[in-house]
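Visitor: Sequences are here, hints too, so could you generate the full structure?
If you read the protein sequences in the order shown, they are chains A and B.
First residue of the first sequence? That's 9 in my numbering, and the numbers climb one at a time after it.
First residue of the second sequence? That's 395 in my numbering, and the numbers climb one at a time after it.
Just so you know, the hints here were simulated from the structure itself, not pulled from any lab data.
Check before you lean on any hint, since a few could be wrong.
[To be verified] Examples of chain B residues lying across from chain A (beta carbon under 10 Å, computed): (1) Val413; (2) Phe442; (3) Phe448; (4) Thr452; (5) Ile465; (6) Ile467; (7) Lys471.
[Claimed, not checked] With a Cα cut of at most 16 Å, we get these calculated EDC-like pairs of lysine to aspartate or glutamate: (8) Lys240(A) x Glu470(B); (9) Lys445(B) x Glu120(A); (10) Lys247(A) x Glu258(A); (11) Lys471(B) x Asp73(A); (12) Lys110(A) x Asp437(B); (13) Lys108(A) x Asp437(B).
Where is the CB? At the ideal position from N, CA and C, for every residue including glycine.
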Amino acid sequence: MNNNKLNIPDELTRLQIKELAEDVRYKYSKKGLSDIFDIISEDAFLIRMPLKTMEVSGFSTCFQDELVVLLNSNYTLGHERYSGAHELYHIFYNSDIFKKEKLLISNAKTDEDTKADIFAAEFLMPEDYVKEVFYKIINVKPNDVLEKHVIRMNNAFKVSYKAMLKRLLQLNLCLEDKYNDLVAICSFENAEKLQALTKKEGYDIRLITPSREKYIPKEYVEYIKNNYENNKISYNNMKNCLNFIGLNTEQFEYEYPKEEEI
Amino acid sequence: MSRETLSKIENDNRTISAVELGEICSILDINVDKFFEENNEDDLTTLFRKKGNFSKETIEEIGELQEMIKIFINQEKIFRNEFKPIMRKPLWEEF
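Guide: As C-alpha cells, this is what we get:
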C-alpha cells in the first residue's frame, strides 16, 4: 500500500480513500456537523477519558449492541482528533470486521488501520482546502517551509503539528529533506520548544497538549439524573457515574440521603 | 446434598466446596469446567488480550472502563424502562 519509510500511501490508494472521506464529510455536513467529536457522537457512544495507560489512544467496539468509541484524552488534542477520524473510518467501513472481531484499536497496524489513517488525514485535512489555505497564508516554495508555517497550518486544521507536516509532504507542499528537519520539534524532548513557538505565533497550545477531557454524551447525564430523581437508581450509583465523568453531586444539588441504605 | 443446601448455594448464601461441585457435575453429567466458563463474547479485556501485547495495568484499566461503559449504557435502558437484569436460573434449568 505504501512504499516509503514515512508511510506515505501510494497515490491511487489515497485518491480512493479521499472519495470515501468526502462522502462521509458530505453526509455530516448536511446535518450541520463538522466537529469530529460531534460527528462520532451522532452514530456511536463516544467516551473521551484520560486513561492512565498510553498504550491505547483509542478504540471502537460493539457493546451490548451499542457502538462504542473511546478516545484517550491523555494524548494531545490534535492526536485525539486524529484518532477520532481514524475510528470514524472503522465505524463506516469495517462493520464486517466489527461483527467478527468486536474490537478495533487505533494503535494496531492492520491494512484497515493504514486505510483508517489515510482516511483521517483526508477527512481532517481535505486536499483542496489545505492547498488553498497554504497558498493563502503561507505561500512559500516546498523547500522554504518553516516550523512557524506548519504551526499556522496545524492550527487552521486543528490537527497535530506532525500530522500537518506529513500532510504537507504528501501534497508536495514540503520537501522530504525539509520534513526531516521540521519533524524534530515534535519530539517529546522538544515539547516545550513547540509550545513556545506556537504561543509566539499567537495560538493557544490546546492542540499540542492533552485535554484530559472527561466526556460522555450529554443525554447520558440526563439519564443518570432522571433515573436518580425517579428513584430508579441509588444515590451511590448516581454519584459514581457522575464522578467518573468529572461531575459531582453538589453541582446538581443532590444531597446524601439519610434514609437510604447504601 | 440437601435441597436446603442447594438452595443456599444457588442464592449465593453459601459457598460450594470442590467435592460438592464435583457431585453436582456428576449428577448433571457435565464437566466441571462448564462452571468456570465466562461469557467472554463481549468482554473487552479478553478482546484486548487477543489483540496484542498490552500490559497488565492496561488490561486492568480496560476492565474498569468496561464496567463503567456497562453502567452508562444501562442508564439509558433504565431510563427507558427497558433494563432487564439477568437473573440466574436454577441449575436444573440452566443445563
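Visitor: Against each hint, give a clear statement of whether it holds in the structure.
Guide: Cross-check of the supplied hints:
The beta carbon of Val413(B) is not positioned within 10 Å of any beta carbon in chain A (closest approach about 37 Å), and the interface hint is therefore violated. Among the interface hints, the one on Phe442(B) holds; its C-beta lies about 7 Å from the nearest C-beta in chain A, closer than the 10 Å criterion. About 5 Å separates the beta-carbon of Phe448(B) from the nearest beta-carbon of chain A, less than 10 Å, and the hint is met. Taking 10 Å as the C-beta cut-off, the interface hint given for Thr452(B) holds, the closest approach to chain A being about 4 Å.
Evaluation of the Ile465(B) hint against chain A yields a held restraint, the C-beta minimum of about 6 Å falling below 10 Å. At a threshold of 10 Å, the smallest CB-CB gap from Ile467(B) to chain A is about 5 Å, leaving the interface hint in force. Annotation: Lys471(B) was flagged as interfacial toward chain A, and the flag holds, the nearest CB pair being 9 Å apart, inside 10 Å. Distance hint between Lys240(A) and Glu470(B) is fulfilled; the C-alpha atoms sit about 11 Å from each other, no more than 16 Å.
For the hint pairing Lys445(B) with Glu120(A), the CA-to-CA distance comes to about 14 Å; that is within 16 Å, so the pair holds. For the hint linking Lys247(A) to Glu258(A), the alpha-carbon distance of about 10 Å falls within 16 Å, and the restraint holds. With a CA separation close to 12 Å, the supplied pair Lys471(B) and Asp73(A) stays within the 16 Å bound. Distance check on the hinted pair: Lys110(A) and Asp437(B) sit about 9 Å apart at the alpha-carbon level, within 16 Å; holds.
A distance of roughly 14 Å separates the Cα atoms of Lys108(A) and Asp437(B); the hinted pair therefore holds under the 16 Å criterion.
Going through the hint list in order, the structure does not satisfy hint 1, though it satisfies all others.
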